[in-house]
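**Student:** Read top to bottom, the protein sequences are chains A and B.
Using my numbering, the final residue of the first sequence is 174, and nothing's skipped along the way.
Using my numbering, the final residue of the second sequence is 449, and nothing's skipped along the way.
FYI, nobody ran anything at the bench for these hints, they're computed from the structure.
Errors might be hidden in some of the hints.
[Said to hold, decoys possible] Below, in silico cross-link-like pairs of lysine-lysine (DSSO-like), each with a Cα-Cα straight-line distance of 30 Å or less:
hint, chain 1, residue 1, chain 2, residue 2
1, A, 167, A, 124
2, B, 99, A, 152
3, A, 124, A, 152
4, B, 293, B, 399
5, A, 79, B, 437
6, B, 437, B, 293
7, A, 152, B, 399
8, B, 437, B, 90
9, B, 99, B, 437
10, A, 124, B, 99
11, A, 79, A, 124
12, A, 124, B, 90
13, A, 124, B, 437
14, A, 79, A, 152
15, A, 79, A, 167
16, A, 124, B, 120
[To be verified] Selected chain B positions facing chain A (in silico; Cβ < 10 Å):
hint, residue
17, 169
18, 170
19, 348
20, 349
21, 393
[As the list claims (entries may be wrong)] Sample of chain B residues lacking proximity to chain A, with all beta carbon distances greater than 12 Å (derived):
hint, residue
22, 85
23, 119
24, 203
25, 281
26, 301
27, 433
Quick caveat, the model's predicted, so the values are computed rather than measured.
Heads up, the beta-carbon is just placed ideally off N, CA and C, and yes, glycines get one too.
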Amino acid sequence: MIELDINGTKRSVDAEADTPLLYVLRDHLAMNGAKFGCGLGQCGACTVMVDGEAVFSCMTPVSVLAGRKIRTIEGLGTVEQPGALQRAFIDEQAAQCGYCIAGMIMRAQALLEKNSSPSDAEIRRHMMPNLCRCGTHMRIVKAVRRAAQTMRAEADKPKSAGQT
Amino acid sequence: MTARGVASFLILAAGVAATSWAADVAPTAKPAADQSMADSTLIARGAELAAIGNCASCHTHPEGKSFAGGRPIKTPFGTLYSTNITPDNETGIGKWSAEDFLRAMHDGVAPGRRNLYPAFPYDHFTRLTDNDVEAIYAFVMTREPVRLTAPPNQLAFPMNLRSALSVWKVLFLERGAYRPDPQQDAEWNRGAYLVEGLGHCGACHTPRNAMGAEEHTRDFDGGQSEGWDAPALNSSSPAPSAWTAEQLYAYLRQGRDENHGTAVGPMKPVVDNLSQVPESDVRAIARYVAWRMNRGQLVRVAATSSDSAQTVIGDGEAIFRGACASCHEAEASGGPIRSGRTVPLSLTTSVNAPDARNAIHIVLEGIWPDAGEKGAFMPPFEGAFTEQQLAALLGYVRSRYARGPAWSDLPKQVRAIMHTGQKQ
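Generate the whole structure from the sequences, applying the supplied hints.
**Tutor:** What follows is the structure, given as structure tokens:
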């Protein structure tokens, strides 16, 4: 048994040490946000976060994840209350078929947590490992920019604002 | 620089400081009208030579305009910023005459008697013929002028004093054009001229002494570049399968040879440039380097068995099976790789090198073709592994695939590279 910390919840999983995290998420835990695209780290559809960094879950064996913090798209928000990036992707209509989007959002999340106001060049460089075969990259860049704005505005709000 | 290196340098500097070693250099007249340089053949030849010299790599900031400089170059003595070599009059070399340019290339002196730092490899460019320097001048002076001043260099004393470089030159600069070896044919000599001179291969592939000069008793014995290991290009080459001139040509021309690996890190821009110069020049370079590599030692050590007395650290094997095997064992297992074959790990230079640095960089950063281009690909694993896990993985790869002994300082090197985030 391997114990994983996924979106702040401890999950025990009975899997071989070399099982990719993606298979555990989808097949063992029915968390189907991360997608199987190529299985080779070439497309990024499976991207999740581990200790704040974007990684390909299709090539990350669960044996390296004990004691580390995993975040998936399910941890960012819900249909009712989408996270800032999810909201921005909806507002910019950045998805066409949508298969790549969970991975795109997780990679962007890793960027925005470290850099709250990335330049377009920084966004493009950071997002490079993730592909969208429908070609919505321009809208994806816009959505990331928009989410950065929202997140900055959110952070600037006085903490007590909700109580007055 | 070691303490002893600094001390000896200071003593020498004190002794020579009063003497103006650049006294014979006087500013020369501005270049004549541009028409005289409009010789398109000369410019085209200059473009090819500048590509072989890899000028743009250092003289271009990753996000800046070609040849406008400003790229930080980290040295053991501090950070230098490459200069603007576009023909801008104020911030570039627009006011330089052909003679000024020749002096910079051959003697490392800029107008105004300013000594240049040997990060600019004039210790190699001094081997160039005057005609080749003239062609490079014609090319550089017809580029788009860009107004850009590089940030000031950040160097520690005494290297921050340009006058001190006079001492360095006395000790380490051997001036003079390449002298052909009459025992060898024209192609060999062409290769030697390009490798020793313009290509300045030794600037990375030869180890440097405490004062930053190449150790010529150990030519091509392997050095460093931008945090990467520049493997030996002599009989100490770590490649398990001896390089032939034909394989070196393929590697230098296409960036990849199926028996050795893919050009990555600071070597990538070099092969990008060599894909665009005359084929005969790349063949000559390959021939000369192969000659250097195979001279005196054609018999290689037989491969040791993979279950030698090495310790497999931790769970490296499980990590390998989960993260690497789908591509690197694909041929054996009928795995899913479709886009071309991987170079067997047992043949790659990075896995067989005495230094683990390149293998660490490659796992963390991956291998990328240029945007929109076809080419070798490996995904980056940055963020996937902790230091201990990456060390365990590479320890396993080394013990399974390499013929050399275990990398003794592997955990230390992994930590250093992961912590500095030294990316290229």
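**Student:** Indicate, hint by hint, whether the structure satisfies it.
**Tutor:** Results for each hint:
1. Under the criterion of a C-alpha separation no larger than 30 Å, the hint pairing residue 167 of chain A with residue 124 of chain A is consistent with the structure, at around 19 Å.
2. About 35 Å separates the Cα atoms of residue 99 of chain B and residue 152 of chain A, which puts this hinted pair outside 30 Å; it is violated.
3. With a C-alpha separation of about 18 Å, the suggested pairing of residue 124 of chain A with residue 152 of chain A holds against the 30 Å cut-off.
4. Proposed proximity of residue 293 of chain B and residue 399 of chain B is supported: the alpha carbons are some 14 Å apart, at most 30 Å.
5. The hinted pair formed by residue 79 of chain A and residue 437 of chain B meets the criterion: a straight-line CA distance of about 25 Å does not exceed 30 Å.
6. Restraint check: the Cα-Cα separation between residue 437 of chain B and residue 293 of chain B comes to about 26 Å, which is no more than 30 Å; the hinted pair holds.
7. In summary, the hint linking residue 152 of chain A to residue 399 of chain B is supported, as the alpha carbons are separated by about 27 Å, within the 30 Å threshold.
8. At roughly 37 Å between alpha-carbon atoms, residue 437 of chain B and residue 90 of chain B are farther apart than 30 Å, so this suggested pair is violated.
9. Under the criterion of a C-alpha separation no larger than 30 Å, the hint pairing residue 99 of chain B with residue 437 of chain B is consistent with the structure, at around 21 Å.
10. Under the criterion of a C-alpha separation no larger than 30 Å, the hint pairing residue 124 of chain A with residue 99 of chain B is consistent with the structure, at around 25 Å.
11. The straight-line distance between the Cα atoms of residue 79 of chain A and residue 124 of chain A is roughly 16 Å, inside the 30 Å bound, and the hint therefore holds.
12. About 28 Å separates the Cα atoms of residue 124 of chain A and residue 90 of chain B, which keeps this hinted pair within 30 Å; it holds.
13. For a cut-off of 30 Å, the pair hint linking residue 124 of chain A to residue 437 of chain B stands: about 26 Å separates their Cα positions.
14. A distance of roughly 28 Å separates the Cα atoms of residue 79 of chain A and residue 152 of chain A; the hinted pair therefore holds under the 30 Å criterion.
15. Between the alpha carbons of residue 79 of chain A and residue 167 of chain A the distance comes to roughly 28 Å, so the proposed pair stays at or under 30 Å and holds.
16. Straight-line distance between C-alpha atoms of residue 124 of chain A and residue 120 of chain B comes to about 45 Å, which puts the hinted pair past the 30 Å bound.
17. At about 21 Å, the closest approach between the beta carbon of residue 169 of chain B and any beta carbon in chain A exceeds 10 Å, and the interface hint on this residue is violated.
18. With 10 Å as the threshold, the beta carbon of residue 170 of chain B stays out of range of chain A, its nearest partner Cβ sitting at about 24 Å, so the hint is violated.
19. For residue 348 of chain B, the interface hint holds, since its Cβ comes within 10 Å of a Cβ in chain A; the closest pair sits about 5 Å apart.
20. With its C-beta approaching chain A no nearer than about 8 Å, residue 349 of chain B sits inside the 10 Å limit, and its interface hint holds.
21. At its closest, the beta carbon of residue 393 of chain B sits 8 Å from a beta carbon of chain A; the interface hint therefore holds under the 10 Å criterion.
22. Remark: the non-interface label on residue 85 of chain B is consistent with the geometry, its nearest Cβ contact in chain A lying 15 Å away (cut-off 12 Å).
23. At roughly 29 Å from the closest C-beta of chain A, the C-beta of residue 119 of chain B stays outside 12 Å, upholding its exclusion from the interface.
24. Interface exclusion of residue 203 of chain B from chain A stands, the closest Cβ pair being 41 Å apart, more than 12 Å.
25. Non-interface status of residue 281 of chain B relative to chain A is upheld: no Cβ of that chain comes within 12 Å, the nearest being about 17 Å off.
26. The Cβ of residue 301 of chain B sits about 24 Å from the closest Cβ of chain A, beyond the 12 Å cut-off, so the non-interface label holds.
27. With a closest Cβ-Cβ approach of about 24 Å to chain A, residue 433 of chain B is found to remain outside the 12 Å limit, as its non-interface label requires.
When the structure is compared with the earlier hints, violations turn up for hints 2, 8, 16, 17 and 18 and for no others.
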